[in-house]
Amino acid sequence: SQQGEEDPQALSIQEGENATMNCSYKTSINNLQWYRQNSGRGLVHLILIRSNEREKHSGRLRVTLDTSKKSSSLLITASRAADTASYFCATDVFTSGTYKYIFGTGTRLKVLA
Amino acid sequence: ETGVTQTPRHLVMGMTNKKSLKCEQHLGHNAMYWYKQSAKKPLELMFVYNFKEQTENNSVPSRFSPECPNSSHLFLHLHTLQPEDSALYLCASSPLTSGRGEQFFGPGTRLTVL
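Chains as they are written, first to last, in the working numbering: chain A, 1 to 113; chain B, 1 to 114.
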């Protein structure tokens, strides 16, 4: 299985509710990033959290990182219909002499108005 | 938009055709990437270029041929593709050549191989 795996694969909530999605990974990391992708479009960077950080906020987004459990969570508070998208975590991997990011399959979030 | 453009946005080609995808960034970044995104599969890194030099080829078949003439432009030349190559092809750039910074993605090219 891949380095980053998101859970759940799909999530449907009502507008105004909070949405939580999780990411698990296997090897040690330096950074973990979360991205959003609207249907058929490119990915947009949301937030980066370093391995020595435990929590980070950006607007309605809250990201936590637990390196002992090799997991991260993304919380979107007071969700809006415009938050409907797929969300991906990306972990950095050092291989073949270079760092690169490995993406998971993503969580498809649907926010119902 | 993030400052990374891709053309064309949609492409339909036969298995015997030759076509090219183009990516352009005006963000002053040193690293550029090609990714393949297929349905229900993780984003697959294909190629990485740092300062115009290819530093990563993730076991990509030779029917995909990248070209990076300068730090702002990246091409993906396609020839004799297979139907399973149909996917969304995403280009990205980043300011750090080590791949440890934020990546800026283009909107992608939706490729259909008949």
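Hints may be right or wrong, so weigh each one.
As the list claims (entries may be wrong) - Among the chain A residues that face chain B by a calculated CB cut under 10 Å, a handful are:
hint : residue
1    : Q37
2    : G40
3    : L43
4    : D83
5    : T95
6    : L112
Hints in this document: simulated from the structure, not taken from any laboratory.
In this text, a Cβ means the ideal position worked out from N, Cα and C, and glycines have one as well.
(message) For each hint given before, does the structure comply? Return the numbers of the non-compliant ones in rising order.
(response) 4 and 6
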